[in-house]
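Number of protein chains: 2
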Amino acid sequence: MSIRPSRFRPFELAGLPSVAEAQRIWADALPKVTPEIEHVDLWACCGRVLGEDVRAAAPVPAFPRSVVDGVALRAADTDEARDDRPVSLTLVGKVAMGRQAPAVLEPGQAMLVPTGGMIPPGADAVVMVEEFPELLGSRADMPAAVAVRRAAAPGENVIPVGADVKAGEKVMEAGVRLRPPHLGVLAGLGCVTVPVYKKPEVAILSTGEELVAPEEVPAPGQIRDMNGVGLAAFIEEGGGRVKRLGIARDDRRVLREALEAGLASDMVVLSGGSSVGEEDWVARIVAELGEPGIIVHGVKLAPGKPTLLALIGNKPVLGMPGNPVSALVVYRLFGAMALRRISGERDHPGWIPVVKARLAHDVTGPKGRELHMRVQLLPGEDGWIAQPIIGGSHQLMTMVKADGIIVVPPDTKLPAGTAVNVRVW
Amino acid sequence: MSIRPSRFRPFELAGLPSVAEAQRIWADALPKVTPEIEHVDLWACCGRVLGEDVRAAAPVPAFPRSVVDGVALRAADTDEARDDRPVSLTLVGKVAMGRQAPAVLEPGQAMLVPTGGMIPPGADAVVMVEEFPELLGSRADMPAAVAVRRAAAPGENVIPVGADVKAGEKVMEAGVRLRPPHLGVLAGLGCVTVPVYKKPEVAILSTGEELVAPEEVPAPGQIRDMNGVGLAAFIEEGGGRVKRLGIARDDRRVLREALEAGLASDMVVLSGGSSVGEEDWVARIVAELGEPGIIVHGVKLAPGKPTLLALIGNKPVLGMPGNPVSALVVYRLFGAMALRRISGERDHPGWIPVVKARLAHDVTGPKGRELHMRVQLLPGEDGWIAQPIIGGSHQLMTMVKADGIIVVPPDTKLPAGTAVNVRVW
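In order, the protein sequences belong to chains S and H.
Taking the numbering used here, I'd label the letters of the first sequence as residues 1 to 425.
Taking the numbering used here, I'd label the letters of the second sequence as residues 1 to 425.
It is possible that some hints are incorrect.
[Claimed, not checked] Simulated pairs of lysine-lysine, BS3-like, Cα-Cα distance not exceeding 25 Å:
1. H:Lys198 / S:Lys356
2. H:Lys401 / S:Lys198
3. H:Lys198 / S:Lys401
[To be verified] Footprint (simulated), chain H over chain S, 3 or more residues, beta carbon under 8 Å:
4. 78 to 87
5. 219 to 227
6. 335 to 346
7. 412 to 419
Hints are computed from structural coordinates only; laboratory data are not their basis.
C-beta: ideal position from N, C-alpha, C; glycine also.
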């Protein structure tokens, strides 16, 4: 009976990249891809990546609009107007919202116009209604004239045609991830069928002799796979389609076949079992599958030291420990970036929203590795408190309690009260 | 021709609540509801709200597990072990991952066990493999014995049965919003069909004489509705189903019929047109529709002063300005909170993730109102720069550029370089 002593060799920390170094190496190695385009209904494309530049077919606004409720007039008529020498203009009507102005404004005339209403032809300025006491009273009838008490500037309170966007102007660039404001803009332009990149497909594979599917009843020595479903949720939130490859035994031939099947997708995410040495199998098989192969193997990260980052052709392959917390941490650090890239998203600037909090008690980073520690967020007297979660990363209960992750630098003690940034789940 | 002078009355700032006050009033008024339950496949329930407490059917772990690669032994056998007087134990085999231990461990015996592997009956401790030089060499055969060089503690490196969760113990509570770690835990428990609250339905209505649907070609004086699709995206991201009520003319009877139709849903979100006085119509009609009626009308907020918060029975009704940026700002401040409540989510602690940045230039908050200002995030030498977006909130191009929102207090100047929190879209 062989115990394969080499598989027991501890993973050496020396020479491994830090998290930041590994992320930079990975970002540099990831391919720039341009996925195929499909056309999706505007109401269904939040979170999708725009596949073509969008240009305005017509100018915006398409007619001159008022930015206030007021009185449209010809500025030249008011040149001599002063508070003590008002100029009287004949009020010839009002512009109805959503309608063309009822008439051309002649010299000496004025017309009421609502915010967003069309400026009547001939008019070139709008004076706010608040400047006309005669319009603010309780009388039900429109006065015959208004008194202007100052000189209006040409263009005052008027948005001219095309002020926002000129006809043919580029409004949005291919590669942008569409969020609600983008959808509003596309609606405003009448772009109701949107060219977006097809969602990349990500294959998820769990390995481990001890694993059974969540719907199965484990025999003694077995446990249910906890990783697939959490990774699938992150991938779908990130705009990917999930291909479930299930569980592969920790056997060279089985693993190789499963990985080859995974390469039919655009990316492969593989969480190892906790069996001894599975990272060695995965690494050896990945190295055999094609160029450029392994980019990073091992990161100064806890949990997640055995992280494997590889490319087979232009397909990212991400290997991570089987521990459920490690898998989620490693996916967010390295998998999300790869998914963005193969989605055709133009380079994201890289900001990550966080909740600011203060540490509830001292925390010490482990030797040589950056600790990504789970915390619970609790309300404090003066902001949020980050309560570190006590307990091994294998524990179910600790996963339910944690609201997010903080980063503790290697070999560093952060005293209670330290300001930390919590990246929530 | 009537100009309805009362509709021109400026909205008085005095007496309006601040944003924080309005949020507190709204939170206090919102009903606690318990939606109906439906059963959803585990792989499809990220973001859903758990509808029943989840208890463990079996203890976790269901068998004693090792937390390290090591040597399982009986701690009592090692009581006398010292570095200079090692105790020799007979190595009787190894535990295979995912299998029952092959034998009961007798006194004087030891067995190899992998991380996560089952502790053999009789053993009560595991000593890490790194403590055994004889297991780390290059020999292919398992040695006949191992030398233990210190006393192992009973329970060392062993996770006993039920250490994480006892059989019948409550693991998750009804009302929690399920995120990827929760899904992992449900998978671990074999909970593959999950009881979740049904998604609430939110009716979206746009009003304004000037509005046409995005797929229509506007006539002179008309513009396309930009609000519906952006609001729909936020509502769907927040776990709601959207009912599209389209565009209602700014007419008392039409509006009333549309609002009554909206009350067939669980919540109504209404963005006014930019026509003069539409907030008055909406408020009067909402006040007629039922109790308790209007909770807040007007907030010291820019943009979003005419915000209307109401309840008809236990159905939230949210009225907001027609301006596309206002609508998104107001929805996130007040609509998202209402949606969480009617989703059955137990009270969310209220943290909001933000990106820390420094202001690129001076910004001044308007008189009496809290400014929610759009900014673009740019990389700086020492973190992120928040570049305020210049231009009216009606402008399409500014919506495309903005990455998120910062809050500027009323009547306050924030100088360039001030640290700000950006809430990204």
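So which hints don't hold here, by number, going up? 1, 4, 6, 7
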